[in-house]
Amino acid sequence: MVFLKNNYTFLCMFLLLPTLCYSNNYVSRAAYYSTQDGMGTPRGACGYGDYGKDANNGEVCAASERLYKYGAGCGACYQVKCRDKNLCSEEGTKIMVTDHGGGHRTDFILSKAAYANLAKQPNMAKQLFAKGVVEIEYGRVSCKIGGNLMLKINKHSKYRHYLAIVVMNQGGATDILDVEVYEEETKQWLSMRRAYGAVFDLTSPPSGDLNVRFLTSDGNEIKWVQSNKAVIPAEWKAGITIETDIQLS
Numbered sequence: 014m015v016f017l018k019n020n021y022t023f024l025c026m027f028l029l030l031p032t033l034c035y036s037n038n039y040v041s042r043a044a045y046y047s048t049q050d051g052m053g054t055p056r057g058a059c060g061y062g063d064y065g066k067d068a069n070n071g072e073v074c075a076a077s078e079r080l081y082k083y084g085a086g087c088g089a090c091y092q093v094k095c096r097d098k099n100l101c102s103e104e105g106t107k108i109m110v111t112d113h114g115g116g117h118r119t120d121f122i123l124s125k126a127a128y129a130n131l132a133k134q135p136n137m138a139k140q141l142f143a144k145g146v147v148e149i150e151y152g153r154v155s156c157k158i159g160g161n162l163m164l165k166i167n168k169h170s171k172y173r174h175y176l177a178i179v180v181m182n183q184g185g186a187t188d189i190l191d192v193e194v195y196e197e198e199t200k201q202w203l204s205m206r207r208a209y210g211a212v213f214d215l216t217s218p219p220s221g222d223l224n225v226r227f228l229t230s231d232g233n234e235i236k237w238v239q240s241n242k243a244v245i246p247a248e249w250k251a252g253i254t255i256e257t258d259i260q261l262s
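Numbered per our numbering, the sequence shown spans residues 14 to 262.
I should point out that these hints are in silico values taken from the structure, not numbers from a laboratory.
It is possible that some hints are incorrect.
[Claimed, not checked] Pairs of lysine-lysine residues, derived as DSS-like cross-links and limited to a Cα-Cα distance of at most 30 Å, are as follows:
hint, residue 1, residue 2
1, Lys-98, Lys-144
2, Lys-200, Lys-171
3, Lys-168, Lys-200
4, Lys-66, Lys-242
5, Lys-236, Lys-107
6, Lys-236, Lys-82
7, Lys-157, Lys-168
8, Lys-250, Lys-168
9, Lys-144, Lys-107
10, Lys-133, Lys-200
11, Lys-98, Lys-168
12, Lys-168, Lys-125
13, Lys-66, Lys-139
14, Lys-139, Lys-125
15, Lys-144, Lys-133
16, Lys-66, Lys-144
17, Lys-66, Lys-200
18, Lys-157, Lys-82
19, Lys-133, Lys-107
20, Lys-171, Lys-107
21, Lys-82, Lys-66
22, Lys-200, Lys-139
23, Lys-133, Lys-236
24, Lys-107, Lys-66
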């Protein structure tokens with residue numbers, strides 16, 4: 014079930030930075046970071062854990078503050094193209110935001126696997142690595158990995174006293190702005206706090222099964238999205254993953 018909240022166009026045009034509005038392409042710079050296997054890191058600021066390491070085949074990145082958006086940008090996907098036509102392919106590569114970071118006037122710090130995929134030929138990747146930082150253009154895109162929107166009960170959750178969830182697999186072109194759970198006793202929706210990144214928490218959560226809804230933005234409108242299958246079971250445990258039947262672009 015979808016509930017329209019308001020139109021986002023006015024907000025984008027007059028109140029927000031252009032890079033927050035998902036339109037067209039932008040010019041910036043990108044660097045890379047190294048891990049032992051060239052993939053992402055499970056310690057990213059989005060709180061994804063191992064999902065942040067392997068998501069999108071390891072083609073992930075840390076994003077600058079304006080794209081990280083205090084965590085609302087976690088899970089966002091961008092098509093990134095290096096502007097050096099001698100070294101770089103025309104199509105570039107598609108990356109997912111799993112972390113926060115910047116430097117050298119960059120908007121993205123790519124995993125080594127993602128950075129290498131900017132090259133025109135695999136044997137040219139070494140030349141890109143030697144540069145360290147490249148000029149790029151980028152645009153917001155969808156990056157359906159497969160499956161539906163998922164919730165994972167964060168490992169720091171303590172049953173009955175503290176509930177924290179990680180929102181994952183939202184499709185790349187949609188931001189999760191807020192999360193609420195329904196309290197049957199009071200017939201009210203309770204807003205969860207964004208603890209950090211894609212992690213939302215609630216102290217003293219209600220008892221019983223918890224219906225969950227999500228405030229989403231695709232750049233054109235803000236709307237509440239919920240489903241009968243977006244339910245945290247009454248006796249939840251830290252570490253469990255719940256797959257909803259919600260698919261976002």
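Verification of the supplied hints:
1. Lys-98 to Lys-144: holds (14 Å)
2. Lys-200 to Lys-171: At roughly 24 Å apart (the allowed maximum being 30 Å), Lys-171 and Lys-200 satisfy the hint.
3. Lys-168 to Lys-200: holds (28 Å)
4. Lys-66 to Lys-242: Cα-Cα ~27 Å, so holds.
5. Lys-236 to Lys-107: Satisfied, since the Cα-Cα distance of roughly 26 Å is no more than 30 Å.
6. Lys-236 to Lys-82: Measuring from Cα to Cα gives roughly 18 Å; hence the hint holds.
7. Lys-157 to Lys-168: The hint holds at about 26 Å.
8. Lys-250 to Lys-168: With Cα atoms ~9 Å apart, Lys-250 and Lys-168 stay inside 30 Å; holds.
9. Lys-144 to Lys-107: holds (20 Å)
10. Lys-133 to Lys-200: Not OK: Lys-133 and Lys-200 at ~57 Å, beyond 30 Å, violated.
11. Lys-98 to Lys-168: violated (45 Å)
12. Lys-168 to Lys-125: Given that 30 Å is the threshold and the Cα spacing comes to 28 Å, the pair holds.
13. Lys-66 to Lys-139: holds (22 Å)
14. Lys-139 to Lys-125: With Cα atoms ~11 Å apart, Lys-139 and Lys-125 stay inside 30 Å; holds.
15. Lys-144 to Lys-133: holds (15 Å)
16. Lys-66 to Lys-144: Measuring from Cα to Cα gives roughly 24 Å; hence the hint holds.
17. Lys-66 to Lys-200: violated (39 Å)
18. Lys-157 to Lys-82: holds (21 Å)
19. Lys-133 to Lys-107: holds (15 Å)
20. Lys-171 to Lys-107: It is violated: about 37 Å lies between the C-alpha atoms, which goes past 30 Å.
21. Lys-82 to Lys-66: holds (20 Å)
22. Lys-200 to Lys-139: Violated - the C-alpha atoms of Lys-139 and Lys-200 are around 59 Å apart, more than 30 Å.
23. Lys-133 to Lys-236: violated (40 Å)
24. Lys-107 to Lys-66: Holds, at about 15 Å.
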